[in-house]
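Novice: With the sequences and hints as input, model every part of the structure.
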Amino acid sequence: MEIMVCIKQVPDDSVKIELDEGTGKPAAGRAEPIVNAFDTYALEMAARFLETGIAGEITTITIGDESSKGSIKNCLAVGASHGYVINDELFEGSDAQGTAYALRCAVRKIEQDTGRDFDIVFCGIETSDETSGQTGPMLAEMLGCSLVTNVVALEEKDGVLHVKQETEDGYNIVETAMPCVLTAARPNYDPRYPTIKSKMAARKMPIGELSAADIDASPDRIGAGASLVRTIELSAPPKRQAGIIIKEDDIEEAALKAFRMMTDANVL
Amino acid sequence: MAYIISDEAKDLLKDVKNFCDNEVLEQCKGFDRTGEYPADLFAQAGELGFTSLEIPEEFGGPGLSRVDTAALLEEMARADAGFATVISATGLGLKPVLIAGSDEQKQRAADFLMEGGLAAFCLTEPGAGSDAGSGKTYAVRDGDEYVINGRKCFITNGGHARFYCVTAMTDRNAGVKGMSMFFVEKDAPGLSFGDHEDKMGIRTSGTCDVVFEDCRIPVSAMIGEEGTGFETAMKTLDQARAWVGVLSVGIAQRAMDEAVAYGRERVQFGAPILKQQALRFKIADMQIKIETARQMCAYALNLMDAGEPFAKESAIAKVYGSDIANECAAEAVQIFGGYGYIRDYPVEKLIRDAKIFQIFEGTNEIQRVVISNHVIGRL
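Protein sequences appear in the order of chains D and R. When we follow numbering that gives the first Met the number 0, the leftmost residue of the first sequence carries the number 0, and every step to the right adds one. When we follow numbering that gives the first Met the number 0, the leftmost residue of the second sequence carries the number 0, and every step to the right adds one.
It should be emphasised that the hints constitute simulated quantities derived from the structure, not laboratory data. One or more of the hints may lead you astray.
As the list claims (entries may be wrong) - Covered stretches of chain R (in silico footprint by chain D; criterion: 3 or more residues with CB under 8 Å from a CB of chain D, positions within the stretch not fixed):
| id | region |
| --- | --- |
| 1 | 3–13 |
| 2 | 49–58 |
What the hints assert, rightly or not - Once the Cα atoms are required to be at most 25 Å apart in a straight line, the calculated BS3-like pairs of lysine-lysine come out as:
| id | chain 1 | residue 1 | chain 2 | residue 2 |
| --- | --- | --- | --- | --- |
| 3 | R | K234 | R | K135 |
| 4 | D | K68 | R | K9 |
| 5 | D | K15 | R | K9 |
| 6 | R | K28 | R | K16 |
| 7 | R | K13 | D | K15 |
| 8 | D | K238 | D | K24 |
| 9 | R | K105 | R | K176 |
| 10 | R | K234 | R | K311 |
| 11 | R | K198 | R | K185 |
| 12 | R | K16 | D | K15 |
| 13 | D | K108 | D | K203 |
| 14 | R | K198 | R | K28 |
| 15 | D | K196 | D | K68 |
| 16 | R | K105 | R | K185 |
| 17 | R | K105 | D | K196 |
| 18 | R | K13 | R | K28 |
| 19 | R | K13 | D | K68 |
| 20 | R | K281 | R | K354 |
| 21 | R | K234 | R | K176 |
| 22 | D | K196 | R | K13 |
| 23 | R | K354 | R | K28 |
| 24 | R | K176 | R | K311 |
| 25 | D | K196 | R | K9 |
| 26 | R | K135 | R | K185 |
| 27 | D | K203 | R | K13 |
| 28 | D | K108 | D | K68 |
| 29 | R | K9 | D | K203 |
| 30 | R | K185 | R | K234 |
| 31 | R | K16 | D | K203 |
| 32 | R | K16 | D | K196 |
| 33 | R | K16 | D | K68 |
| 34 | D | K238 | D | K15 |
| 35 | D | K15 | R | K274 |
Treat the numbers as computed from the prediction; the structure is a model and nothing was measured. Ideal Cβ positions, reconstructed from N, Cα and C, are used throughout, including at glycine.
Specialist: The following block contains the structure:
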């Protein structure tokens, strides 16, 4: 079983990021680069899946600059065996379609070069910075394979993948043939922490670097020029108004006041 | 972070900080209240390799410099001093083996720690604290075994450790020259443990009596030569003191961080209280002390790595670090005002945690004896 986990390095979303009025872009300066949370769930699910006794390895890949090697190393410390960075200025400004296309090209190229045919290509359902949620499904389309979104668990039975898919009301258990693309939602556990040993080992592991030419990506399908989606403007969400505190002497009075206010505001 | 550390350690520090912020700090709040031992947390810390940090590379350790390791330990102490004490006491328990043990003993100890086990150092007895040479625990040879009898007290990791480095008299008429050091594994017959002590601070660490009643261990479990136990113990403490300084700096740093975070938000007289110079100067004084203490620790640890004499510097790091940890913790409570005295806020715990650092691994009075002996010499 060969699994490819696609990750993205994003600014730490536990740090509050403000919009820089001057540049009109988010000022992510203080936020450390981290692996997108949903991608870490994908990696953890893949690692746990293989740990059930299935022979195979996890390869992880990202598109980004030199600094994103740090995120790949973090993945190598928690279950991945191979890591690649697609690093080329030509990819700058790509939309989800350009990103999916780059990943498709890289998947095919790595398969060709290493002889590893990926049974599962795993992505997070979305990234915490742009939250488009489109890359996984587009990648499935371009690879010509099946897609299951919002995955929280998976197991293999007789060569068929049984996938637990989270829905708004509960879960679907979905069967899919492989190869397939899965997008990970949040499972009911947290990803493991890297150990001192695994982190030291990961630091010494080679990380493959791929340019657009290396993966045979056509320049007219990537980068800002090929993007069908353009960001016109970013704006900060409006600040929430302070709530109203109802503090009456007894509970009945407080409830009555609350109802009166809601009736006055025409919400009841 | 003002330790100058390797790129490797910087990388590890991020992971350690992440674990400490998300797990150690959060979980230990509750364990500090109940006094319950966080066994699962320490099992996880063992799996992550926290107990293996001080193992030399040749025995399977990560091969970090001492200052690299200090940066990681400081982060643990910043999250919870009791947690860091358990990890650091494991390093303490390993030291006699590294100082005087055989390669076989070193590998065995290293393997236990790499499996996630803890270690403990057993020197103190009810009647032998600062006067460590007056211990009554004794060991008698019986064929291929030694039989140990006696009682050690205030043993960090007692009952939880995989192995214990224990001092015992092999010649009760020879004073400190009659003391030997032994490697006692947790399943040795005749080894038992007293009740968990209900401590004022570092409540997430386990402390208890370690009791030897005809405890039998093989002759091969002696660490170093017969009669060298006291010397090994003193060398162990010389090293360990700098690490106590490192943990103390973690507590002091936490105290300052909490004071700054609170003082920026707390508004009195229409402005954050840290607009007041009286409080700004408190923060400046805390920073001066913290950075000075940290660099003293780094200096002592660098001397150790370089194979230079370090006993005086290690004692200074311990005494200064622990004194300023207490000062910073008290000042943090002062900056929090009445809220600082309330358990729902994080700083009263720091006072309780910091106090022991002036007491264990040689009281600060004993440290001053050590330092003055180095400076003045024999009269």
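Novice: Hint by hint, which ones does the structure fall short of?
Specialist: none
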